[in-house]
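Trainee: So you can see what is in the structure, the chains are spelled out below.
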Amino acid sequence: MSEINNVLPLPPTNSKIALNIIIRTFKNEIEKTGLTRAVIGLSGGIDSALTLFLAARALGSQNVTAVFMPYKLTSPLSREHALLAANMCGIKLLEEDITKMADSYFNTASFGSDNDRLRKGNVLARLRMIVLYDYSVFTKSIVAGTSNKSEILLGYGTLWGDMASGVNPVGDLYKFQVYAISRHLGIPDDIVQKAPSADLWEGQTDEGELKMTYDFIDRILYYWIDLGWNKERIYTALHEAGQDPQTADMVFNRVMASQYKRKMPLIIKVSEKTIDREFRYPRDWGM
Amino acid sequence: MKQDGQIFLPLYIDRASYPKHLSIIANNMNQALRIAFIPFFPRLGTTPENFKKIEDTINICLNEKKPDIIFFPELSTSGYLLENLTFSSALSVPDDIPGSLVKLSHKVEIHLGLPLIENGRIFNAHIVILNGSIVHVHRKIYLPTYGLFDEGRYFTPGASLSSYEGKLGKSAILICEDAFHPALVYSLYESGVKHLFVPSCSPARGINHNEPFTASYMAWKKRLEVYSESFGIFCYYQNRGGSEDGVYFDGKSIFVSPNMTAVEKDTKKQNEDIFYYDVNLQDLSAAYQRGGPFHDENFDLNHRLFTLAGQKNRT
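Chain order of the listed sequences is A and B. Under the working numbering, the first sequence has 57 at position 57, and the numbering climbs by one with no breaks. Start counting at 1 in the second sequence, then tack on 287, and there's your number in the working numbering.
Derived by calculation from the structure, the hints in this document are not laboratory data. It should be emphasised that the depicted structure is a prediction, and the values quoted were computed from it without experimental measurement. Check the hints yourself; a few may be wrong.
[Claimed, not checked] With beta-carbon atoms standing in for the labels, derived distance ranges: (1) B:LYS339 with A:ARG233: 48 to 56 angstroms; (2) B:LYS339 with A:PRO245: 58 to 66 angstroms; (3) A:SER61 with B:ASP560: 21 to 29 angstroms.
We put the beta carbon where it would ideally sit given N, CA and C, even for glycine.
Produce the complete structure using the sequences and hints provided.
Mentor: Dropping the structure here:
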């Protein structure tokens with residue numbers, strides 16, 4: 001990887017400044033709604049652990065709830081890591097097992113779904129979000145998002161599932177920045193260094209499914225999106241690094257194909273004032 | 288000139304006075320003036336509530352530190368990411384400025400940002416209220432409409448530049464992106480302005496470095512230092528505080544003098560803490576008289592060069 005690091009080096013991450021911005025904004029945006037609490041689905045992975053740490057700093061541990069929502073195939077190590085993160089933040093970990101809910105659906109849906117990994121993953125992600133949103137009403141909390149910028153841009157998440165949230169404090173951080181800030185905060189290596197995974201089946205990893213490493217993905221995304229390099233320039237850089245330039249297409253294509261996941265649903269225009277076309281108001285309207 | 292209901296002033300409104308640019312800074316040199324920099328955090332689109340908060344803030348300042356000037360940031364009566372709220376937040380001056388606020392201007396010079404409606408057009412404006420009158424209005428000339436900014440969609444660009452005689456002496460206002468354009472600062476310098484107020488709503492961004500501040504803040508500081516050193520003017524910068532729609536505003540305050548001395552709000556202070564700075568006019572005069580490239584400026588030569596460069600580029 002040293003060669004790609006010469007042609008597409010990633011910048012340093014100023015964790016101190018990032019934390020200052022994120023923590024203050026996270027607190028502001030929740031409190032201006034009149035609420036004080038957040039609820040977070042803790043998976044045992046780095047993204048939700050970082051979100052939990054940020055929420056604890058922004059709102060105080062007493063105002064944050066962590067919910068671990070295993071399915072029967074969830075790794076025991078995930079529970080261990082979720083508990084570790086919650087304990088470090090002084091937050092009690094709630095556990096809501098979604099196996100019965102999920103299997104009941106899988107067993108009764110007239111069109112079946114149990115053998116389709118994509119559909120199964122989507123159902124589990126959406127069931128978890130049902131739990132979190134229900135819990136947020138119960139406790140007058142906001143659901144904090146845990147999807148990072150790399151995942152959101154790739155569309156590597158479930159629409160209205162793990163991509164849903166009220167406020168997402170990590171959604172503008174690439175995975176390499178998530179690592180840097182997590183280390184800065186002292187999140188344990190057991191969580192930081194393990195392979196990212198949606199934990200849908202034994203041995204599943206994000207990078208295995210994506211067929212690319214996050215290190216590679218982040219370099220392409222950062223140069224393409226943040227620095228505004230065109231595709232040809234990125235192809236040339238990859239060529240110089242001895243890599244197949246077309247591998248970048250896997251990133252470009254995923255971003256384009258998943259654009260719908262980053263927008264509100266299409267509304268077919270018939271009036272003079274269509275929502276999000278002419279009817280444009282900030283989310284913080286009156287707040 | 289009059290065009291589309293707005294009075295257009297020539298850009299160089301005070302050229303006759305420019306040989307005086309080495310003159311004293313203010314009439315009374317034997318005093319210090321205290322400026323309260325307010326990193327105001329308005330509630331988006333709720334003008335009456337924001338006016339109350341503005342008045343409360345002024346009263347707190349007057350009771351605590353008795354400042355001479357109170358400097359609020361851009362669009363303090365409304366908030367920044369207004370979108371269609373621009374229309375319902377727009378105010379006429381002086382009619383829509385509460386009398387109680389105007390009354391306070393007998394005690395302190397008040398700088399306030401607001402969406403200003405004139406003849407059906409809305410400007411991103413900043414006003415100065417002093418001794419019961421609105422003594423200055425600046426309408427933002429350069430409306431950023433790129434990246435996360437969309438001001439050109441909602442506001443009409445201002446087309447005039449002027450100064451006013453405030454408590455500090457000859458002063459002017461450039462709102463946020465206006466101050467990205469050196470030609471405007473140069474014009475004010477040429478007209479003899481010594482004090483430049485820059486109210487802002489600048490989103491904090493840029494974390495890919497090891498410097499102690501965001502890239503956006505460091506860019507502001509550098510820009511003002513260059514202006515101050517090159518043009519011999521004193522710059523006063525105030526960003527708003529708080530956040531809107533997930534966008535954070537750092538609430539930074541900066542004072543820069545021509546000898547490159549920048550005074551900033553203590554970084555340990557909270558985003559919304561008020562920064563007070565006492566401007567000693569004799570110190571300002573000394574800093575100014577110490578000199579710099581601004582003492583050598585040849586305005587007539589510059590104008591001939593501008594004309595020549597313009598002709599060359601057009602051919």
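Trainee: Against each hint, give a clear statement of whether it holds in the structure.
Mentor: Evaluation of the provided hints:
1. As the Cβ distance of LYS339 (chain B) to ARG233 (chain A) is approximately 53 angstroms, the hint placing it in 48 to 56 angstroms holds.
2. One distance hint, 58 to 66 angstroms for the beta-carbon pair LYS339 (chain B) and PRO245 (chain A), holds here, with the actual separation near 60 angstroms.
3. For SER61 (chain A) paired with ASP560 (chain B), a C-beta distance near 25 angstroms keeps the hint of 21 to 29 angstroms intact.
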